[in-house]
Structures are given as structure tokens and as C-alpha cells.
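*Asks:* Chains as they are written, first to last, in the working numbering: chain D, 1229 to 1633; chain V, 5 to 409.
Just so you know, not all the hints are guaranteed correct.
As the list claims (entries may be wrong) - With a straight-line Cα cutoff of 25 Å, these simulated BS3-like cross-link-like pairs (lysine-lysine) come out:
hint : chain 1 : residue 1 : chain 2 : residue 2
1    : V       : K333      : V       : K115
2    : V       : K403      : D       : K1456
3    : D       : K1456     : V       : K185
4    : D       : K1557     : D       : K1585
5    : D       : K1512     : V       : K288
6    : V       : K98       : V       : K185
7    : V       : K232      : D       : K1468
None of these hints come from the bench; they were simulated from the model.
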Amino acid sequence: MSDEKFNVKSLVTCTAPVNIAVIKYWGKRNEGLILPINSSLSVTLHQDQLKTTTTVASSRHFKEDRIWLNGKEDNINHPRLQSCLREIRRLARKRSSDGGNTSEKLNLSHKVHICSINNFPTAAGLASSAAGYACLVYTLARLYGVEGELSEVARQGSGSACRSMYGGFVQWIMGDKPDGKDSIAEQIQPETHWPELRVLILVVSAERKPVGSTAGMQTSVQTSPLLKYRAESVVPERMKEMIAAIRRRDFETFGELTMKDSNQFHATCLDTYPPIFYLNDVSKRIISLVHRYNTYYGRTRLAYTFDAGPNAVVYTLEEHVDEFVELIKQYFPPETNGEQFLKGLAVSPVSVTEELKSAIGMESCPRGISYIINTKAGPGPRVVEDTSLHLLGSDGLPKHLKQSA
Amino acid sequence: MSDEKFNVKSLVTCTAPVNIAVIKYWGKRNEGLILPINSSLSVTLHQDQLKTTTTVASSRHFKEDRIWLNGKEDNINHPRLQSCLREIRRLARKRSSDGDNNSEKLNLSHKVHICSINNFPTAAGLASSAAGYACLVYTLARLYGVEGELSEVARQGSGSACRSMYGGFVQWIMGDKPDGKDSIAEQIQPETHWPELRVLILVVSAERKPVGSTAGMQTSVQTSPLLKYRAESVVPERMKEMIAAIRQRDFETFGELTMKDSNQFHATCLDTYPPIFYLNDVSKRIISLVHRYNTYYGRTRLAYTFDAGPNAVVYTLEEHVDEFVELIKQYFPPETNGEQFLKGLAVSPVSVTEELKSAIGMESCPRGISYIINTKAGPGPRVVEDTSLHLLGSDGLPKHLKQSA
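Bound conformation, chain D alone (with noise of 0.2 Å):
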């Protein structure tokens, strides 16, 4: 690399949030394109839990373009990375002929390098290719001076990514164009319309690598009979449902729609050949407790849901959370002397009382929850101002590197 410093207008650092779907997406009706055959909607993870850090730099000195993912180079050629380098690009040309100021025109020729991180371990399996192209979009987006819509272009990198370009809860509309111009994200409500709720994502030791959600989807939608269905005929109601109930607040409905949901979602990776089981023994532990707790209230006071692995989230409103943790310890009790159990916003301790207890009767399973991480709704991408925080030194390389074996 030349001992020429870079100008410092070429380098841009943000953050992009995890989602968690409420009505789930499962299948494409285009692959290329990744359009879905249902709309989907999701509620957006608080970035100071949960979040990805990108960092690019352009310069003509770069020879190639280069990715490092958390503190390792990766390959460039992934075509999911292609999708939207080329995309953005693209865009960034668009907008350019469209007569932008030629003096802070960067020059679309030059390579770039990309570095990113997640504060959170990508073995948790906690949805980190949303968050991932999300940040990707935005921060390629800020660096050329991309502006309006770019959930179509987060979209082309990983389906759910496009739910993660805003904040709050936020709605994935199918489209019908064939192009995908209308397959786009919306956003529902902003964060701060519902601040009582609260995000519990109980994660799971993983015992074995689930079936990826790109094949396992391909399956799913090429044999399962019951998800053609789903998709037709009972997800665009519930869409409705789902989106009146936020409106409302009304955690009774938004609960009970968001369990039946993840239910389906599983019911059809059942009924595909061969069939595919995400939820494993811990997994209905947690709907058992979910459920007996809110018969036992008479009320729907927690609702779980599960993707493609084995983490749990749970939502539920912040004068549930103590109770609640204090359940997960008592049935699911942590390593005495392992690493923190509860990670994110404050729990208190509180006592259950022997009435509940014998309400839940469930045995304990030791360990079956690795930790915590107690979250709410938070916003969506943002850029970094604190330039001491970019990822890429002043040579273009990053900063931190993981050892090699």
C-alpha cells in the first residue's frame, strides 16, 4: 500500500440493527431477486444490544474490493455481496448522471474496502445476515451519496436485511412486480410507540448446525403443500391482524398472533420433504413454560417465537420481564461459574411465588439456556460521527485482526 494517506471524505463508519420477525418469511417466489411468496414483519433489536459496525473506504490505491467479517477476510465473490456492491453502485451511477455536485462525486471506479463487526457472537445464530447486509446497504449508501429507498437493495442481500433499513416495527411488502421494484420495507410504527415492550432473547447452546434458511426454504416451498396455503391464504389476514394489533398496543392479540406464527412457520418446515425440525427439546420447554404461565394469569403476558435455530425471543411488556427471568433461572438455571447470564437492560431479582411454581410443574433442565439478553425496539441504520471508531485505519486495512490458526 502507497504511504499516501486517504481522504478522510472516503471513509464512513455506521450501524445497522437485528430484526425479529412477528409474521415470518419462508420462501421465495424468486430466488435472483429474493422476493417472497408472503409479506413479512418484524420488530427492530435496540442497537446498544444488538448491532453491526461497518466501516468502508474508497480509494483509487485500493486494488480490489475486500470485505474483512468480524476480523476475518472473507470472500468478495460471494454473489450475495455482488448483489448489492452492484446495486449501489448502480444507483450511485443514477444518480450521478442525474447531475449531483461533481466536486464530491466519488469516483465509482475505485475499489473499496469493507470491515464489519457484530457485538454479539455470530455463533449465537442470532440473525446477523439482516443486520450485516443492512449496515453493508447504508454504509456503501452514505459513502456515494445514495439517498431514498434502500430496503430493495438490502433486500438482494439477505431477505429479512431489508426489514432492518428502519427502526420500530416494520413490514416487508411482498410486491407482485416480477422486477421486485415493490417487494420493499415499511415502517409500521417508530420505536418509541410502544416503550413498555420489552425483547428477551434466550439463547440456546446450538448441539448441531441447523439446515440454512436458504435451502431449507428452496425445499420447503418446492414440497410442502401446507406453505403454499400459509402463504395465500392465511398471512396476508394475519398481516392485517398483526399490524392493527401494534397500532393499538394491544399485547394480547400481538402475542397470541406472533406464537401462532412462529407455530405455522415450523408446522410447515415439518411438512416439507424431507421434513425440517428447528425447535429441539429446550425450544418446547419454553413454549410450555410460555404457555402455562399466561393460562395460569389468564392473560397473554409472554409470546414466544423461533427462527431457522435454536435461540428462543421472547416478547413480553417490561412489568413481566423479573418474573419472568426469574422463571428462566428457576426451570433453565445457568452454569454457576460460567459467564454472565444477563446481558443488556436491567433486571431486578424478585421472588415467585410457590402458586406459580406449582402452576408452571415443569422439571428443570440445567444449562439448556446459555444467557440472556434482555432488549426493546430501538431505531434503524446510523452513521458513526466519531471517526476514532472507524474500523479501517488510515491505510485502509482494519485495525483489529483475528490470529489465524
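Put chain V on the given structure of chain D with help from the hints.
*Replies:* Just chain V, lined up with the frame of chain D:
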């Protein structure tokens, strides 16, 4: 009881078989008459391995109807038992009013004693209610001289019991009449049609009592959108394909449909609210083993099916039994000093190639399976001519009773 001996004409003993559905029944459109929301299809198993034996005695000396099941007196007022008794007596009255020989007429006002045993443990969860009600109805019909279509009566005891009224391959036509007169079982092919077909029952140690079928399917009908679609749009076509596959002795198609239907049934259980889980960790491992085995050979040689409980039933052809059993012993090693692991038809030890073992590549699951029953298709209910095998003595009471605790 009087010392007077009873008329031996009024003592009848019969046996009836178990059946295992390959297209599943799950959900009623009419609770009282037990009318299903879809048709179903099963294989009747051979009575040498599994059967219910029932003796019925009728006498003017009996003060009330009584029933003993597996050595203990049970509640004769169970609504389903009453349905069967009532229906058979109604048909019997109809027959005598149609003018049969008076001297053979059994006095319908006499009470009956019923004694029934299974040659397999009830705790194994082996669908004994089908065999039990089929046997009861068949035996009572013989006692009262009722002939003709009886599956409609058995159906009112337990839905799947109607399929145990015939041998071989049997369908339960759902019917559409409100009175259920056209909701009957019908033999598709006799048990001699496919002599190479084998049925391996893998009896799994039950950890907890699963949700009962009657309540479970009620909740499914009330809450699962996917179940309604299954019944209306998937099963009718599958029934046709399955009947054709059986006629052609096409195991590829028979097996694939069997697995898909089992999975879809369990998918609708997961789509129930709250969700119902019948498949456990051992079930999933068996499913995995079957798919890997079939993939290795590039053909569907094994087909699993699971009912509303943990036991697995694996259909295959005779030529594959030995190797499959060897694999089961490999991956689900039995108790070394436990009871006999292999029951039923003979199985020969064979060795499994290293190539096959690495294709399976699963972890061992010790004691996951309690024992295996190797059986095949068998005939329908039959009269037991040997009078020494009556379960009731000449005093009308059971010859053998379990000691009370």
C-alpha cells in the same frame, strides 16, 4: 350368582387386530357420531403379533352389564362403550323383528359380561382402542347374530376401530351424510396382496403422557388453519395415489406418501394452539436414520409413520428388515440385560458395511428404543372356536384377574 350353568351358546370369544394408518385421521366434523373431516387409510397388522381377545357372555342371571379390560373391571358407563352396546342391540332388535328363527334368538334384555385382553402392553401406547372396540363390536355381533356392515358401529366406539374390522389394506371413507351411515370402512386389498410388506414397530420409552387424541384433534380442528386445508385439499388426492400405489405394490410411492402424511399430521399438531408435540428426540433420530438410509440407496426402502405418541412404525419390504434392524441396534443400542429386544417375526443378524455406517453418521442413542415388533399385514376379526380359550368362566366372571394393589 346362581349355581346354574350358563348356556354355552351365549358365550362367544373373538380376536381383532390393530391397524396403523398411512393416511391419517385427525379431526372430527361430528363428535357424537365420530365422523371425520377426511378419509384415512391403514394397514391391518397380523394377530400373531398384536391382537385383542374378547369374550362376551349373556345371561338372565347377570344383574347389570359389566366389563373387564386387561384383568381389571372398568366403567361400563363410558359413553363410547354405551354407543357400541346400544347400536349392536338396536341392530339385533331390527334383525329379530325382521323375522329370524325364534329358537336362536338371544334375549336382548339380558345383561352381558365382557372381558377383553391385549397380547401387548397397554403402556406401550400401541393404538389398542381400535383393536379393542373392533373386537367388542365383532364379538357382540356374533353373540346377537347381527350380520353385515359393522364398521359403522365400531366407528362410534373409536374412529380408527372401523378400520380394524377388515384385514389387509383398509380405507375409512369419510362420508358426507349427517347421520354418518356412509362413513364406513372398506377393504382395498386383502392381507395376501403384498406378502413382502413388513411393519416394524419401534416401541419407544414414553417419558410423559402425551396429549390424548380426542382432546388433541378437537383443539386442532378449532385452531389450526392448516388442518382444514389438509382435509379439504391434500388428503383426497393422497388417498387416490395411495390406493393406486398399494394396488401396484409400488413401495417407492407408498413409502413417500406415508412419510409425507405422517409429517403433515404432526405439522397440523404444531399449528394447533397451544401446539401439540408428539414427536420427541428419538422420533427425530429415527426420521433422520430413515432418510439417510434411503438417500444412501437412492430409493425409498424404508418409510416411517408416527401416531399421537412416541412409537415409530417403519414400513419396509422383507428383504430390508435384517439390515434395518441391525442399524437400529447400532444407533439405538438396547439394554444389555433388559427384556427381549426383538419380538414377532424372525430377524437374522447381518453386518452393516462401513460405507453405510458413515453415510448414516449419527450419534448413538442408548435405550432410546425399548423393543421392536416385526410384523406384517394380517386378517380381520375372527371367532375363536377353541372353547378353552374363553376369558370368562362358566360363572360369567373373568378366569384371571389382576391383584388389586
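*Asks:* Now, for every hint given, state plainly whether the structure supports it.
*Replies:* Each hint, compared with the structure:
| no. | hint | result |
| --- | --- | --- |
| 1 | K333(V) x K115(V) | violated, 50 Å |
| 2 | K403(V) x K1456(D) | violated, 58 Å |
| 3 | K1456(D) x K185(V) | violated, 35 Å |
| 4 | K1557(D) x K1585(D) | holds, 12 Å |
| 5 | K1512(D) x K288(V) | holds, 14 Å |
| 6 | K98(V) x K185(V) | holds, 16 Å |
| 7 | K232(V) x K1468(D) | holds, 21 Å |
Of the hints listed earlier, those the structure fails to meet are numbers 1, 2 and 3, in rising order.
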